[in-house]
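**Student:** In the order they appear, the protein sequences are chains A and B.
Each residue of the first sequence is one higher than the one before, starting from 1 at the first, in the working numbering.
Each residue of the second sequence is one higher than the one before, starting from 200 at the first, in the working numbering.
One or more of the hints may lead you astray.
Once the Cα atoms are required to be at most 25 angstroms apart in a straight line, the calculated BS3-like pairs of lysine-lysine come out as [unchecked claim]:
1) A/Lys-40 / B/Lys-307
2) B/Lys-249 / A/Lys-50
3) B/Lys-336 / B/Lys-280
4) A/Lys-108 / A/Lys-138
5) B/Lys-336 / A/Lys-108
6) A/Lys-50 / B/Lys-336
7) B/Lys-336 / A/Lys-59
8) B/Lys-280 / A/Lys-108
9) A/Lys-81 / A/Lys-137
Restraint ranges, calculated between C-beta atoms of paired labels, are given here [unchecked claim]:
10) A/Glu-74 / B/Pro-297: 29 to 37 angstroms
11) B/Asp-366 / A/Asp-131: 45 to 53 angstroms
12) A/Pro-68 / B/Gly-241: 16 to 24 angstroms
13) A/His-22 / B/Ala-277: 18 to 26 angstroms
14) B/Asp-205 / A/Ala-176: 29 to 37 angstroms
15) A/Pro-7 / B/Asp-205: 39 to 47 angstroms
16) A/Pro-175 / B/Ala-207: 24 to 32 angstroms
17) A/Ala-78 / B/Ala-207: 20 to 28 angstroms
18) B/Gly-339 / A/His-22: 30 to 38 angstroms
19) B/Glu-316 / A/Gln-34: 49 to 57 angstroms
For the record, the hints were derived by calculation from the structure and aren't laboratory data.
Glycine is no exception: its CB is placed at the ideal position from the N, C-alpha and C atoms.
Residues per chain, in single letters:
Protein chains: 2
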Amino acid sequence: MPRPADPAGALSELALELFLEHGYDATPMSLVAQRAGLTKAGVYHHFESKEHLLYVVHKRHIEQLLLPLIDDAEREPAAEKRLRSFLNEYALLQTRDPSLRLLINEAKRLEPAHGAEIRDAWRRGVHLIRDAVAEMKKDGRCAPDLDPTYAAFAAIGMCSWICNWYDYTRPESGPAVARTMVDLFMEGLLRGKSSEWPR
Amino acid sequence: MPRPADPAGALSELALELFLEHGYDATPMSLVAQRAGLTKAGVYHHFESKEHLLYVVHKRHIEQLLLPLIDDAEREPAAEKRLRSFLNEYALLQTRDPSLRLLINEAKRLEPAHGAEIRDAWRRGVHLIRDAVAEMKKDGRCAPDLDPTYAAFAAIGMCSWICNWYDYTRPESGPAVARTMVDLFMEGLLRGKSSEWPR
Chain A
1 MPRPADPAGA LSELALELFL EHGYDATPMS LVAQRAGLTK AGVYHHFESK
51 EHLLYVVHKR HIEQLLLPLI DDAEREPAAE KRLRSFLNEY ALLQTRDPSL
101 RLLINEAKRL EPAHGAEIRD AWRRGVHLIR DAVAEMKKDG RCAPDLDPTY
151 AAFAAIGMCS WICNWYDYTR PESGPAVART MVDLFMEGLL RGKSSEWPR
Chain B
200 MPRPADPAGA LSELALELFL EHGYDATPMS LVAQRAGLTK AGVYHHFESK
250 EHLLYVVHKR HIEQLLLPLI DDAEREPAAE KRLRSFLNEY ALLQTRDPSL
300 RLLINEAKRL EPAHGAEIRD AWRRGVHLIR DAVAEMKKDG RCAPDLDPTY
350 AAFAAIGMCS WICNWYDYTR PESGPAVART MVDLFMEGLL RGKSSEWPR
């Protein structure tokens, strides 16, 4: 039996393409309708507003791309391996997916309840890093005065910034970019290891 | 003798306050005029469009806050000291200035020529980091396979991301945040120093 059609999903994918092509502001609902071969009322049957459409685009993107990375990483019991693996996959995702830049930049358009839901998903990634750093710090593997929350935002920031400068016409450079981010962060975290500070 | 009045400068400061309060989209030129006690024509006498106003806001901000940091850093001949000092000052600036978030996010609204001019100023910061890293690498102080450009974007990213999470109601935490960014990056860069790789 074929899978039931998912018109809202297909429309949100089309909308994301149009946002990427024209920008969010310059993509009216009428253009989404026109490209989908629907009337405007046909689009509003699935999304009550353009903001609602943006929210669905965000939600699908997070569910399909970000949450699986977090779920995978959380299955790894060793903190350092969990952290390395998540950061590498997240940085690779940034090099593969130019739409993250649009989504990050337009997240502020979401209504408060939608914005909070999307931020909660991103926060899971920050907490995954923070908790792994805290575990490594407890084991005496990081500087004793390191703040795991600040460190988590440092890691998320260096990786999330990739979408602001990465050349998406050179996808073969993605693994080297991801490795640089992971190595710089992990070596900074594990600096000097046991020898440099008193226990 | 009093300094000559700078009505365009005063208007651009007022506009930045309104952008921060209401968002860029929700700040019409008529509101800028109303708050300034001018007619709309009075505002358009100084700025030919809202985009032009945004450009002037960017340009003033960069000239007053970013370029002095770069100029100061460039006077330091030692690469490591230059890099530490610039990153620390740039991270501190992020913790002190909530308007950077708005400017970074709205930079895409600038017309191509204006956007290119603003990006050139930011690029000076990236090049300052890249060149310092390249110098340290040449002296055998970084991993021999490190790409100085990727490293520069890692540093700019971790510091520029601060405006996305920093709690501006707790300015006293700024120096600790900046120190965390600088320490993580610099230790990551200088990892293992001479012992871990062949010369």
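**Student:** Determine for every hint whether it applies to the structure shown.
**Tutor:** Evaluated hints:
no., hint, in the structure
1, A/Lys-40 / B/Lys-307, "28 angstroms, violated"
2, B/Lys-249 / A/Lys-50, "24 angstroms, holds"
3, B/Lys-336 / B/Lys-280, "14 angstroms, holds"
4, A/Lys-108 / A/Lys-138, "36 angstroms, violated"
5, B/Lys-336 / A/Lys-108, "40 angstroms, violated"
6, A/Lys-50 / B/Lys-336, "49 angstroms, violated"
7, B/Lys-336 / A/Lys-59, "42 angstroms, violated"
8, B/Lys-280 / A/Lys-108, "37 angstroms, violated"
9, A/Lys-81 / A/Lys-137, "14 angstroms, holds"
10, A/Glu-74 / B/Pro-297: 29 to 37 angstroms, "33 angstroms, holds"
11, B/Asp-366 / A/Asp-131: 45 to 53 angstroms, "20 angstroms, violated"
12, A/Pro-68 / B/Gly-241: 16 to 24 angstroms, "55 angstroms, violated"
13, A/His-22 / B/Ala-277: 18 to 26 angstroms, "48 angstroms, violated"
14, B/Asp-205 / A/Ala-176: 29 to 37 angstroms, "47 angstroms, violated"
15, A/Pro-7 / B/Asp-205: 39 to 47 angstroms, "56 angstroms, violated"
16, A/Pro-175 / B/Ala-207: 24 to 32 angstroms, "48 angstroms, violated"
17, A/Ala-78 / B/Ala-207: 20 to 28 angstroms, "58 angstroms, violated"
18, B/Gly-339 / A/His-22: 30 to 38 angstroms, "49 angstroms, violated"
19, B/Glu-316 / A/Gln-34: 49 to 57 angstroms, "36 angstroms, violated"
In this structure, the earlier hints numbered 1, 4, 5, 6, 7, 8, 11, 12, 13, 14, 15, 16, 17, 18, 19 are contradicted, and the remaining ones agree with it.
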